[in-house]
Structure formats: C-alpha cells, structure tokens
Amino acid sequence: MEQSAVRTSGARVRLRNLSKSYGAVVAVDGLTLDVPAGTFVSLLGPSGSGKTTTLNLIAGFLTPDAGDILIDERSVADVPPHRRNIGMVFQSYSLFPHMTVADNVGFPLRMRAKLSRDESRKRIAEMLALVQLSHLKARYPRQLSGGQQQRVAMARALVSRPRLLLMDEPLGALDKKLREQMQAEIRNIHRSVGTTVVYVTHDQSEALTMSDLVVVMHRARIAQIGTPRALYEAPANAFVADFLGDSNLIPATIVKTAERECAVRIGNRAVIAAPPAPFAAAAGDRAFLFVRPEDMTLQPASSVQPQDRSGLVGTVKELSFHGDVFKLSIAVGDDVLKAKVAREQCGSFEVGRQVVISWTPNAARLLPATSDGASSSESGMR
Amino acid sequence: MTAIAGHTTAPPRMAASSRQRIIPALLLMPCLAWISFFFLLPLALMCWRSFAAKGYSFAAYTVLFTSPLYTKVMLTTVKTASIATVIALILAYPVAYVLTISGGFRRALILTFVFIPYWVDIIVRTFSWLILLGDNGLINKLLMATGIVHTPLELLYNSFSVLIAMVQILLPLTIIILFGAMLRIDRTLIAAAKIHGAGSWQAFRTVFFPLSLPGVYGAGLLVFVLSLGFYVTPALLGSPRQTMIAQTIMVEASELLDWGQASAAGLVLLIITTLIAAIYNRYFSLDRLWGGSDA
Amino acid sequence: MSARQEVEEYCANLREILAATRGLDRRDFIKSVGGTLAGWTLATCPGASAELPITVFGFGGVWKKAALKAFGEPFTQKTGINIAYQEPYLFAKLLAMHQARAMQIDTAPVQGEEMYQAERLKMIMPLDFSVIDRSALDPRQLRYGNAVGSHTLSYVICYNKKNWPGENHPASWADFWNVEKFPGRRALRTDELWTVEAALKADGVKDSEFYPIDVDRVFRSLDRIKPHIKTWWSDNSLSQQLMEQEEVDIIAMMNGRATESIRDHHAPFEIVWNEAICEGGSQGWIVPVGCPNPHGAMKFLDIVGRAESEAAFARLIYYGPQNPKAYDLIDPALAKLLPTYPANEKVAHMVDFSWWADNLPAMQRRFQLWLQS
Ligand SMILES: Nc1ncnc2c1ncn2[C@@H]1O[C@H](COP(=O)(O)OP(=O)(O)OP(=O)(O)O)[C@@H](O)[C@H]1O
Ligand SMILES: [Mg+2]
Chain A
0 MEQSAVRTSG ARVRLRNLSK SYGAVVAVDG LTLDVPAGTF VSLLGPSGSG KTTTLNLIAG
60 FLTPDAGDIL IDERSVADVP PHRRNIGMVF QSYSLFPHMT VADNVGFPLR MRAKLSRDES
120 RKRIAEMLAL VQLSHLKARY PRQLSGGQQQ RVAMARALVS RPRLLLMDEP LGALDKKLRE
180 QMQAEIRNIH RSVGTTVVYV THDQSEALTM SDLVVVMHRA RIAQIGTPRA LYEAPANAFV
240 ADFLGDSNLI PATIVKTAER ECAVRIGNRA VIAAPPAPFA AAAGDRAFLF VRPEDMTLQP
300 ASSVQPQDRS GLVGTVKELS FHGDVFKLSI AVGDDVLKAK VAREQCGSFE VGRQVVISWT
360 PNAARLLPAT SDGASSSESG MR
Chain S
0 MTAIAGHTTA PPRMAASSRQ RIIPALLLMP CLAWISFFFL LPLALMCWRS FAAKGYSFAA
60 YTVLFTSPLY TKVMLTTVKT ASIATVIALI LAYPVAYVLT ISGGFRRALI LTFVFIPYWV
120 DIIVRTFSWL ILLGDNGLIN KLLMATGIVH TPLELLYNSF SVLIAMVQIL LPLTIIILFG
180 AMLRIDRTLI AAAKIHGAGS WQAFRTVFFP LSLPGVYGAG LLVFVLSLGF YVTPALLGSP
240 RQTMIAQTIM VEASELLDWG QASAAGLVLL IITTLIAAIY NRYFSLDRLW GGSDA
Chain Y
0 MSARQEVEEY CANLREILAA TRGLDRRDFI KSVGGTLAGW TLATCPGASA ELPITVFGFG
60 GVWKKAALKA FGEPFTQKTG INIAYQEPYL FAKLLAMHQA RAMQIDTAPV QGEEMYQAER
120 LKMIMPLDFS VIDRSALDPR QLRYGNAVGS HTLSYVICYN KKNWPGENHP ASWADFWNVE
180 KFPGRRALRT DELWTVEAAL KADGVKDSEF YPIDVDRVFR SLDRIKPHIK TWWSDNSLSQ
240 QLMEQEEVDI IAMMNGRATE SIRDHHAPFE IVWNEAICEG GSQGWIVPVG CPNPHGAMKF
300 LDIVGRAESE AAFARLIYYG PQNPKAYDLI DPALAKLLPT YPANEKVAHM VDFSWWADNL
360 PAMQRRFQLW LQS
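Chains as they are written, first to last, in numbering that gives the first Met the number 0: chain A, 0 to 381; chain S, 0 to 294; chain Y, 0 to 372.
No wet-lab data here; the hints were simulated from the structure.
Do not take every clue at face value.
Below, computed lysine-lysine pairings styled on BS3-like, alpha-carbon distance capped at 30 angstroms [unchecked claim]:
{"id": "1", "chain 1": "S", "residue 1": "140", "chain 2": "Y", "residue 2": "225"}
{"id": "2", "chain 1": "Y", "residue 1": "180", "chain 2": "Y", "residue 2": "345"}
{"id": "3", "chain 1": "Y", "residue 1": "229", "chain 2": "S", "residue 2": "78"}
Whole structure, please, built from the sequences with the hints as guidance.
Shown next as structure tokens:
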C-alpha cells in the first residue's frame with residue numbers, strides 16, 4: 000500500500016582504505032568495506048573502536064586523513080554533508096527543540112527538495128503515518144516520550160527519501176522492552192523503504208537480530224565482516240568469538256596437524272581431537288579451542304565409566320538460572336568452562352558435582368592465539 | 000498534615016524527618032544571613048528612609064512622579080539603555096558566535112582581546128573617547144586630512160558619544176553571556192541540520208539562531224539593567240540632555256544630601272528593573288516558547 | 000626635642016626648600032621636598048610609632064598628591080603619626096558617618112555651604128589652641144571659629160590666546176556672554192553654584208545687590224548663553240582636557256586646574272582674573288566630632304595652616320593660600336596666578352555661601368531642569 004509511496008532504491012557504499020586520527024589517537028585505520036545497495040549493515044564493536052568516527056566520515060562531518068568514500072561509485076570527498084543526500088538518526092535524536100514534530104519531519108524537505116506546499120504536507124503525513132505518529136504532529140519534541148522522539152528522528156531522516164540512512168546507536172537511550180520493539184520497527188521500516196542502512200551499535204544481540212551484514216570493529220580496524228550467522232558460527236578470531244555471544248576460548252597447544260583433523264592438548268592434560276585449523280599452524284603452536292557453551296554436552300561423571308570418558312572432566316562451580324536455560328561454570332584444571340543446558344536436564348548437575356564435558360568435533364574451532372583480540376582485557380571476560 | 004499524622008502514630012519517624020528538614024535549613028543560614036545583612040537590610044533601610052525623611056509621607060514619591068525633571072531623566076535613561084543594549088547585542092553576537100565555533104588557541108586569543116579593555120579603568124577608557132572623538136581628535140583630524148569633511152564633525156557631547164562609550168564598556172560582558180548561552184546549544188543539532196540538507200548559513204538561520212535567542216534575551220535583560228545604572232559615561236561624554244537617572248540620584252545623595260529623595264528614586268528604579276525582569280521572564284522564557292508543560 | 004620645636008624645624012626646612020626652588024617648576028619642587036625628607040629620620044621622635052594614625056579625608060588625584068606632599072609626609076616624618084588617606088572627599092559621607100555615630104575621619108577640608116551645614120549640625124570639634132599655634136595663623140584663617148582656613152579657589156574665565164592674541168580679549172562675564180563680539184566655542188560647568196553666580200555677573204548685577212539672588216533674572220541670563228555652549232563639563236579633569244585639546248575657545252573653570260594645564264601642559268590659554276568667582280576663604284580643615292584621633296588631628300591642623308605648608312601646597316596645586324605670609328615664600332610669577340594674590344582678590348567676586356546654604360537644593364533642581372531641557 001503506502002510502502003510503494005516511500006520506497007527508494009538504496010545506495011551502494013564503499014569505503015576504501017579509510018583512515019582518520021585525532022592527534023596521536025588513530026580512530027579509524029585503513030578501513031575497507033563494501034555495502035551492497037539496500038543492505039542493512041551494522042558496525043559493531045566495543046566503545047572507542049571507531050564506529051562513530053566511521054559514520055561521521057560517511058556523513059561528511061569529518062574529512063578522512065587517507066582513503067576514499069564512494070556512494071554509488073562516486074567519490075564524495077568534495078561533497079559537503081548537506082549535499083550527500085543522506086538521512087541520519089543520532090544517538091540523542093537531536094530533534095530541533097524549537098520546531099513541532101511536523102516541522103522537524105519537514106525540515107529536510109524545506110532544505111532539500113523544493114516541493115510544493117501540498118506535496119511536502121503529503122510527504123510529512125506519509126512519514127508520520129509510517130512511524131505511527133500522525134496524532135502528535137503539533138507537539139514539540141520535549142512533549143514526547145523517548146520512543147516517540149526516536150520515531151520522529153526516523154521520520155525526519157527518511158522523509159526526503161535518502162538512499163543512505165546512517166544511525167548511531169539510535170536505541171541506546173531506550174529501555175530494554177522499548178528497544179526490542181523499536182528494533183523490529185526499524186527492520187520493518189527498512190524493509191518498506193529499501194534504503195541502505197549503516198547502523199552503529201555496541202550491542203551484539205541488536206546487531207545480530209537486525210542486520211544483513213555485520214562489521215565487527217576492534218581498535219580502529221575491521222575484525223571480521225559477515226552475516227550474523229557466519230560470524231556467530233565461524234568467528235575468524237578470538238575477539239569476534241568472544242564479542243558475539245557466550246563462548247569458551249580454551250588455551251590449547253597443537254599436538255598434531257592433519258588434513259581432516261588435528262589434535263590439541265589442553266593444559267597438560269587430555270589430548271583432544273579438533274577440526275583442522277583455519278590458519279597456518281604447526282605442531283607445538285599455541286591456539287584457542289573455541290566451543291559455544293550451548294554446544295557442550297554434559298554428563299554426570301558417575302553415569303560414565305572412566306574408560307568411556309572421551310571429553311574433559313570438571314567440577315561444577317556455579318549454576319545460574321536464566322529462564323529457558325541454566326548456565327554452568329565448570330572448573331577443568333585451571334580453566335573455567337561455560338556450558339548451557341536446557342531447564343529439564345538440570346536436575347542432575349549440582350554445585351560440586353563432577354561432570355564429563357564433550358562436544359561434536361564440528362562444534363569446535365581452532366582460532367589463532369596471536370589474534371590481538373584474544374588478549375584484550377575489555378573483551379576477555381564475556 | 001502528614002506531619003501531624005506522623006506525630007500521633009510514629010513519633011520516632013517524625014523526629015527523623017524534622018531533622019532532615021532542619022539540617023538543610025541550618026546549612027542555608029549563613030547564606031540567608033549574608034543576603035539579609037548585605038542586601039535586604041540596606042534595602043529596607045532605603046525604603047524606610049524614602050518615607051521617613053519627608054515626615055513619614057509619600058512626598059518624595061510625589062516629587063518623583065510630578066517633577067518634569069525626573070520624568071525626563073527617567074525617559075532618557077530608559078531610551079539610552081535600550082539603544083545601548085540593542086547595539087551591544089548586535090555587535091557581540093558575531094563575536095560570541097565565532098568564539099563558539101573556534102577551538103582552543105583561537106578562542107583564547109579572541110577572549111584575551113575581548114577582555115583587554117577590562118583591565119583599563121573605566122574613567123581612563125571614557126577619557127580616551129574624548130581624545131578620539133574631539134574636534135581636534137584622531138577621527139576628525141583624519142577626516143579633515145583626507146578631505147572628507149572640512150569642519151570637524153560633532154562627535155562628542157551628544158547621544159552618539161554616550162552610546163559608543165557605553166557599548167564599548169558593555170561589550171565584553173555581553174559577549175561572555177552570549178558565548179555562555181551559545182556553548183549550551185547542542186552542536187549535534189547543527190550536524191543534524193547539515194546532514195538533512197541545510198548549508199552552513201541555513202543551519203545557522205534555521206537552527207542555531209533561533210536556539211540562541213533565549214540567550215540573547217537573557218543577555219539583553221542583564222545588559223539593559225546594567226546600562227540603567229550608567230553614571231560616569233553620560234556625565235563625561237554627554238550633554239546635560241543625556242543625563243541618566245544614576246547621575247540624578249548621585250546628585251540628590253551627595254550634593255543635595257537629600258537621602259530621602261535619593262532613596263525613593265533608587266527604589267523606583269529597582270522596582271522598574273524588577274518589573275522588566277518579571278515581564279521578560281513571562282514572555283521570553285524558553286519553556287513557554289517551545290511548549291513547556293509549565294505554561 | 001619638644002613638639003613645638005619639631006614643627007619649627009620642619010617649617011624652617013620647608014622655607015629653605017621653597018627658597019631654593021623658587022622659580023622652578025612643580026616637578027623640581029617635589030624632588031627637593033622628597034630629597035630633604037629622605038634625610039630626616041624618625042629617630043628624632045622617640046616612641047613615635049606608638050602613636051595612633053590619623054585618617055585624612057580628601058579629594059583624589061592631583062589634590063591628594065599635593066596634600067600628601069605638602070602636609071602629609073612632613074607631618075608623618077616629624078610627628079611619627081601615620082596618615083591613612085581616604086578619597087574622594089564627599090561631604091555626604093562625612094554627614095552619613097556623623098549621623099550613624101560612626102565617624103572614621105579625623106580631619107577633612109570642608110568648603111562653602113557645607114561649612115554652614117556642619118556648624119548647624121554640630122559636627123565640628125572646637126580647635127585646641129594648646130596644640131595649634133595661633134600665632135602662626137592669619138586671623139582670617141579662623142573666620143569660622145572651628146576650622147583652620149587653608150586655601151581658596153576661583154571659577155575663572157580662560158580664553159585661547161590663539162583666538163585673541165592682543166589686548167582685545169574676553170575680560171569679563173559680560174564678554175563671555177557676548178557671542179557677537181567674541182565668537183567661539185564655549186564651555187561652562189554643570190554645577191549650579193558657579194554658573195549661577197557667573198550668569199548674574201554677566202547680567203551686570205553689582206556685588207552690593209547680589210544677594211539674595213534674583214533667581215528669575217539668573218535664568219533669563221542663562222537662557223541667553225545656553226545655545227552658545229558647546230559643552231557643559233562636570234569633571235575637573237574634563238575641563239582640563241577641553242583646554243589642552245583646544246576643544247573650546249573660551250571656558251570657565253577652576254583656577255588651579257587651569258594653571259596646571261597652562262603652566263605644566265602648555266595649553267595656549269590665558270586666565271582672566273577680573274570677576275573671578277572666588278570662594279573667598281571658605282575652605283577650612285575641621286576635626287569632626289567623635290573622630291578616633293582628635294589629638295593627632297589637631298597636630299595635623301597645626302601644620303596645614305602655616306605659611307610654609309600653604310606655600311608648598313600652592314606650589315603643587317595652584318590654589319590660593321589663605322595665609323598671606325605664604326606669599327613671602329612664593330615666586331611672584333606664580334603668586335600672580337593665585338586667587339588670593341592681592342591684585343586678583345581685589346577684582347574678584349566673592350561668593351556668599353550663607354545664601355547658598357539655604358537655597359542650594361531648590362536652585363539645584365531648577366538649574367538641572369533648565370540644563371537638561
Ligand atoms: N573529537 C575527538 N578528539 C579526539 N579523539 C577522539 C575524538 N572523537 C573520538 N576520538 C577517539 O577516537 C577513538 C574512536 O572514537 P569513536 O567515537 O569513533 O568510537 P566509538 O566506536 O563510536 O565508541 P562508542 O561506542 O563509545 O561511541 C576513541 O579512542 C576516541 O577516544
Ligand atoms: Mg560512538
């Protein structure tokens with residue numbers, strides 16, 4: 000219905016070797032990224048990893064020290080922000096306090112498209128209908144709730160049908176319930192308008208649920224690019240593994256490499272079979288063995304004969320209830336592993352019990368120990 | 000009411016809550032004492048004197064409102080102060096804006112230049128205008144040397160010289176107040192305007208300027224109230240026609256020793272100032288302009 | 000050494016300096032006084048530091064410098080009594096302190112109609128002639144009984160010699176008012192007293208019929224000159240500025256300031272002594288009732304009225320000494336520039352402050368209204 004009215008085609012955005020420093024601080028370091036037209040891409044990363052800087056470079060608020068930005072194959076190096084035809088939603092919404100909702104939404108039309116009065120009124124009405132705020136158009140921003148302001152900001156950003164929409168942590172100021180609701184709304188709106196969206200967040204679950212493509216940033220560089228699922232299941236390094244979801248990163252030493260399988264030793268204990276390393280590795284190298292907690296299988300030690308114990312043996316240290324699952328911390332030697340079990344299985348595991356931990360070989364991955372992310376203190380404790 | 004209920008049902012809690020009220024009150028005491036002693040007490044004294052000095056009557060006020068001298072001086076004062084305020088605001092605004100958008104070094108440099116005149120005594124500054132604007136002053140000499148005029152322009156002893164000197168004195172303060180107000184404007188609003196299609200000038204016109212207006216009104220009020228009290232400048236640079244109320248009050252108090260009359264004039268000036276502030280607050284407050292709920 | 004001897008020595012010393020620097024300008028005189036004072040030591044005055052200081056309430060600027068040089072520094076050197084100087088003198092402040100019974104001033108130069116007010120309000124302590132040496136004073140200095148007359152000033156016409164180099168120059172108030180005969184830019188003082196007196200003189204009122212002042216006649220006379228006044232000055236330094244910058248051609252101003260501008264800053268002006276509106280010895284130092292250090296103040300008064308101090312003060316600020324003996328110590332070239340110089344005094348018009356003491360507020364209001372409209 001009205002979807003066709005607001006629909007535009009998204010822009011293709013390419014960043015080539017983009018760099019920006021503030022004095023001695025390197026905020027963005029040689030970023031290269033290709034965002035296909037119409038894609039919802041998230042920039043995900045811890046605080047200070049350069050997400051906002053990247054966004055501001057695309058918007059044109061900052062000039063890159065090196066590299067180039069192409070929107071639809073055209074370099075925008077010499078295009079000032081107001082001519083880039085971009086919509087933007089700011090973290091604090093940045094609605095104009097001295098304008099009504101309708102005037103806020105109509106602002107880009109007044110500045111940009113020289114539309115007739117009737118035409119702009121129609122467009123504003125359309126946009127307000129899209130964000131379900133038609134009844135509040137005469138209000139001032141300070142008379143709105145956070146979620147309503149957020150929607151006005153969306154409407155303002157989209158009203159002139161920009162082919163690219165930038166959003167910098169647009170939901171950061173909302174409570175959890177409202178966030179989730181707004182996430183769904185933003186997805187819907189994206190689907191109906193078809194613009195390319197670059198979405199900045201440091202909330203990994205937000206990035207995973209909303210995006211077509213996630214760019215994980217770490218220390219001014221890209222740690223990995225991929226679909227949410229690829230990133231979750233096949234992180235390229237310990238930082239990404241750790242940053243997205245819960246994970247076990249078990250320090251290991253490679254004992255033997257082979258084409259289809261390799262063997263690693265954990266601590267000075269068991270030698271375990273693992274899938275082949277996705278990076279160049281030789282016997283004696285150190286690495287991380289990565290297993291998601293939900294991929295762990297637990298059995299009470301008492302129910303398994305010692306000779307059948309193919310996995311690791313550990314002691315339950317902690318048990319916490321999370322509604323649908325229980326999370327367990329299990330001490331294995333010096334390491335503490337995390338596991339998740341379904342609610343109904345939990346009866347057999349109590350704190351202090353010995354358990355046998357195992358996983359299917361496909362569930363595990365070897366990740367390089369040298370990844371600069373692995374030692375990062377800010378991400379190590381997830 | 001709650002206190003009474005508390006007293007009958009739960010005396011210990013009542014004690015605790017009354018202590019909670021007493022302690023802040025105690026902490027306020029020095030401040031209140033200070034204000035009373037240095038502000039309210041003299042004011043009360045002034046008020047009392049304005050009645051008592053003329054045999055407990057409104058005689059002083061009658062003089063104030065019936066004497067053509069006071070009416071005239073008051074009108075001149077308000078007129079001069081208003082014009083000076085408007086000029087100061089117009090001149091200060093661009094400087095404050097440049098200060099707002101400049102960073103570190105440039106800001107410090109401009110601020111230094113803004114404040115240099117502050118280190119020079121007001122009387123010295125006023126006298127330097129005499130040297131600049133006189134018949135044989137720098138400006139007239141220059142104009143005559145270049146043949147632009149043949150007889151010296153009358154730049155002194157009129158409202159022009161009074162205004163120019165007043166504005167010069169008021170400028171640093173005006174700039175600082177405006178700068179302070181502009182610093183509080185959220186800069187991402189400008190970014191929001193720009194990304195949504197506004198060029199620099201449009202962003203200024205549609206967003207920055209309207210948002211700076213409450214600051215302009217506030218600065219205007221303060222500067223106006225300050226200008227009402229000007230004394231040295233009109234005395235030295237104006238003609239008797241530019242006499243302002245502060246001069247008249249000074250003459251009443253120090254030459255005629257008519258403290259009752261001076262007090263009455265001072266009080267009326269104070270009341271006018273307060274009234275202006277109140278009206279201002281009523282019609283120019285940010286909350287009211289942009290849909291505050293407390294309207 | 001007794002206090003009397005101290006003062007004698009001080010006077011002798013000052014006489015020497017005045018004689019030695021006779022004919023030299025103000026700066027040389029200041030240097031000599033300073034040089035001699037540096038030689039004196041407080042050792043001549045044992046226990047001096049224990050004395051309470053006195054608070055002198057005087058005008059600021061040049062006046063303060065002159066008063067401290069001529070009376071203050073020698074006084075402290077000889078008596079060991081320190082001086083705290085408060086400025087600027089304002090009779091209203093003195094009155095306020097008196098009414099609040101919180102007098103902080105030990106001595107002040109009261110003038111004109113203020114003296115009558117102070118007398119009426121019983122603000123003045125009787126002079127202590129056990130401390131003040133009566134014989135050193137001229138009887139005229141004691142005309143008010145409780146004040147020691149110090150100096151006198153006049154409101155004089157000054158004209159630019161460039162405009163009127165010859166004999167045909169403005170020479171009276173009638174000439175000042177005569178804009179056809181003496182065209183030029185004019186300046187008068189915004190203060191009512193001086194200008195009112197001048198206006199009556201300009202209208203040809205004889206001194207014998209001057210008081211009580213015919214107020215309507217005053218304003219008729221003022222109406223005639225008003226359109227021709229380029230500027231009304233309110234501040235003494237402004238009047239000097241007007242003269243030095245040659246912003247006006249004829250100006251009426253206080254004689255000491257005029258002399259300073261002419262002698263020391265080379266303004267091309269000449270003073271007219273004819274019909275100078277003269278204070279006529281109405282200035283006097285008083286000790287207010289209830290002051291903290293009356294004894295110290297009396298000692299100060301013992302010094303201010305003496306011929307030597309008066310001469311020194313006149314050398315510094317060009318106001319006329321009320322003690323005629325001072326003229327023996329003043330270079331005749333300078334003496335001719337002082338209001339109390341006999342030849343000047345003879346042609347001057349003397350103000351009667353007793354009339355003004357009763358009529359000032361009414362005159363002031365009427366004058367200001369006239370001036371501002
Ligand atoms: N204006 C600035 N001046 C100096 N350093 C800056 C400035 N803005 C950002 N930085 C630095 O650049 C780096 C990247 O900052 P950026 O704002 O892009 O991070 P971010 O990923 O958006 O972080 P956050 O999640 O906290 O918003 C940080 O180290 C930051 O301290
Ligand atoms: Mg950020």
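Here is how each hint holds up against the structure:
1. S:140 - Y:225: OK: residue 140 of chain S and residue 225 of chain Y at ~27 angstroms, within 30 angstroms.
2. Y:180 - Y:345: Since the Cα atoms of residue 180 of chain Y and residue 345 of chain Y sit roughly 26 angstroms apart, the hinted pair holds (cutoff 30 angstroms).
3. Y:229 - S:78: 23 angstroms, holds
Hint check: no violations occur; every hint is consistent with the structure.
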